[in-house]
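Please construct the entire structure, taking both the sequences and the accompanying hints into account.
Protein chains: 2
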Amino acid sequence: MNEVEVNINEIYNLSKNILVSYGITEEEAKATVNSLLDAELSGVSSHGLMRLKSYAQRIEAGVINVKPDIRIDKDLDSVLLIDGDNGLGQVVAHKTLKICFDKLENNSSVTAVVKNSNHFGTTAFYSKQVADKGYLSIISSNAGPTMAPWGGYEPLLGTNPLGASFPAENSNFVLDIASSASAKGKIRAIKNKGESIPKGWALDHQGYDTEDPEQAINGTMLPIGNHKGYGLSMMIDSLCAGLSGASLSYETVSVGSAKRNANIGHFFYIINIDDLIPLDNFQTRMGDWFQNLKNSKTREGFEEIYIPGEIEDNRKKNVKDIICLDEIVYEGILNLATQRQV
Amino acid sequence: MNEVEVNINEIYNLSKNILVSYGITEEEAKATVNSLLDAELSGVSSHGLMRLKSYAQRIEAGVINVKPDIRIDKDLDSVLLIDGDNGLGQVVAHKTLKICFDKLENNSSVTAVVKNSNHFGTTAFYSKQVADKGYLSIISSNAGPTMAPWGGYEPLLGTNPLGASFPAENSNFVLDIASSASAKGKIRAIKNKGESIPKGWALDHQGYDTEDPEQAINGTMLPIGNHKGYGLSMMIDSLCAGLSGASLSYETVSVGSAKRNANIGHFFYIINIDDLIPLDNFQTRMGDWFQNLKNSKTREGFEEIYIPGEIEDNRKKNVKDIICLDEIVYEGILNLATQRQV
Chain A
117 MNEVEVNINE IYNLSKNILV SYGITEEEAK ATVNSLLDAE LSGVSSHGLM RLKSYAQRIE
177 AGVINVKPDI RIDKDLDSVL LIDGDNGLGQ VVAHKTLKIC FDKLENNSSV TAVVKNSNHF
237 GTTAFYSKQV ADKGYLSIIS SNAGPTMAPW GGYEPLLGTN PLGASFPAEN SNFVLDIASS
297 ASAKGKIRAI KNKGESIPKG WALDHQGYDT EDPEQAINGT MLPIGNHKGY GLSMMIDSLC
357 AGLSGASLSY ETVSVGSAKR NANIGHFFYI INIDDLIPLD NFQTRMGDWF QNLKNSKTRE
417 GFEEIYIPGE IEDNRKKNVK DIICLDEIVY EGILNLATQR QV
Chain B
117 MNEVEVNINE IYNLSKNILV SYGITEEEAK ATVNSLLDAE LSGVSSHGLM RLKSYAQRIE
177 AGVINVKPDI RIDKDLDSVL LIDGDNGLGQ VVAHKTLKIC FDKLENNSSV TAVVKNSNHF
237 GTTAFYSKQV ADKGYLSIIS SNAGPTMAPW GGYEPLLGTN PLGASFPAEN SNFVLDIASS
297 ASAKGKIRAI KNKGESIPKG WALDHQGYDT EDPEQAINGT MLPIGNHKGY GLSMMIDSLC
357 AGLSGASLSY ETVSVGSAKR NANIGHFFYI INIDDLIPLD NFQTRMGDWF QNLKNSKTRE
417 GFEEIYIPGE IEDNRKKNVK DIICLDEIVY EGILNLATQR QV
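Those protein sequence lines, which keep their order, are chains A and B. Take 117 as the starting number for the first sequence in this note's numbering and just add one per residue. Take 117 as the starting number for the second sequence in this note's numbering and just add one per residue.
Treat the hints with caution; some may be incorrect.
Put simply, identical chains are the same to the list, so a pair is met inside one copy or across any two.
Claimed, not checked - The list that follows gives simulated cross-link-like pairs (lysine to aspartate or glutamate, EDC-like), each with its CA atoms no further than 16 Å apart:
1. 190 / 390
2. 410 / 442
3. 219 / 193
4. 190 / 396
5. 433 / 189
6. 169 / 447
7. 300 / 330
8. 413 / 191
9. 432 / 325
10. 300 / 328
It should be emphasised that the hints constitute simulated quantities derived from the structure, not laboratory data.
What follows is the structure, encoded as structure tokens:
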């Protein structure tokens, strides 16, 4: 993989203008690019700017609605059902967060289940915003089927991520974990380097544990912790799709496919910490806890103990005006910009 | 380990009467024994009747309150803060569930965070009751520190379990997973058989990966999926203790210790499915999904695909009037009954 140095402002505007050229509003295009760029700067390229091309392909195929009427289908006391009207996942999630924050003006907790959405990027992008508001969150999305149920080898489950966040004294806790041992994107990167993958990550198409990344890509991902990741993925499917009427992972399509509407589901659970414990006290206590963990002894092979989200946060803080992008991703965006005359 | 066949009614009454002899009410004693017996019959002996002895030791040491005034500290729109007044965990959880079910008469969701509690058994025991009511749940508890943060080897985190449940057509989905790769109880059982443990389960007291169960018991448990289980354990600590004011795992004591109050925290999140989707439709759809997963191809070494909770449910259904108990556990209960003159 060759990398090129790219000016952040330039790539931001280019990406945003591509989306605007399809009829997406300025605000919604910004929300989308903010999510992709946040992932890119945090070192999570698998959810970064490489996604723009597949979003554009889906828009051009007519399976994403660029003018969605995102609406509240049910507004219950503490629970909301949101219809994303097949908008870009980031656009739907951006609006959903706003609705949740409004609801939290008068409520101690809010649960929003979302249907008719699409790939929304990382959960971390949203859960950081929640923590910045002084709230605690659990945020999830389901995804296309790439993982086998425990004991099987047909791809019927998503690598559905579990996100969680809360604020502490000098930083946020930001958890964003897939329910699979690894991700196809990561395995592709290993394949490009000509290396092999560890056992326990994936099965080949006949259901045998494989160390060959090529076989893994044509096979299925394995859940983390055997039956545990399997159960976690199902729990997330029930929250995102079971409660909302979105497609379950086995009913939807991969984010890379432009064949049909995805009807992806999301789950947002947010609680107003300050209603239970004065926020200052909570943040101080969490900060002390983090220090205790970080000050504890490291084992051989580790130099530091990190709080979930800290590594990504450090990476992002170290970026100035320039990022390194995969050359193929950068050229893809340039080509798209030329096509769209932006 | 020698096993003895025991009549279920006999052991139920004996256990209940032991608790009653300490001044616990009939209803609260039943709630406690129901939890322990449910785990035992489901094959989860680590949370079964073997726990009664440590509960009794803690009661006798005066670090559990047998007449707790379990009260609602804060009753917000959709969020409750419950003070368990240092009652037995099962007693506190039993009352909390009741309060939650009452709240759900008029609410679409309820979150209850609980402080001043103790070891409450399995999350599955409570989440099954929630699913039987037609609700969906996420239920957790924190626990004493036995697990290292990722990259470290000091026991600062609990093997905090994540529980989740919802009802389907012919069965419930019941997830109950520890955030550690294994549990000390399981490692003790392996040690008793003279066998070794797989790498990745535990570290010795100097922080080295060990296959020796003895070294593991004196060392620390490892999280599932490396940094993932670590983050999961922290998330659960924040929900159970951060929000409620209970002790974080690193501040509390092991359930086996009778030195001081534990101030364990719990988290209950329950949502009324029928407010979002007609319950019948939800259950039918989930049932179809389960069938699809179960009908998919199994890989070598597996004969069947199970839905989370199914194996435990099958075990319980196969029990008639008799269970097999560890002889040491049974004799411990008999001795306790003699001491307590019940």
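Fill in: Hint numbers contradicted by this structure
The structure breaks hints 2, 4, 5, 8 and 9; every other hint is satisfied.
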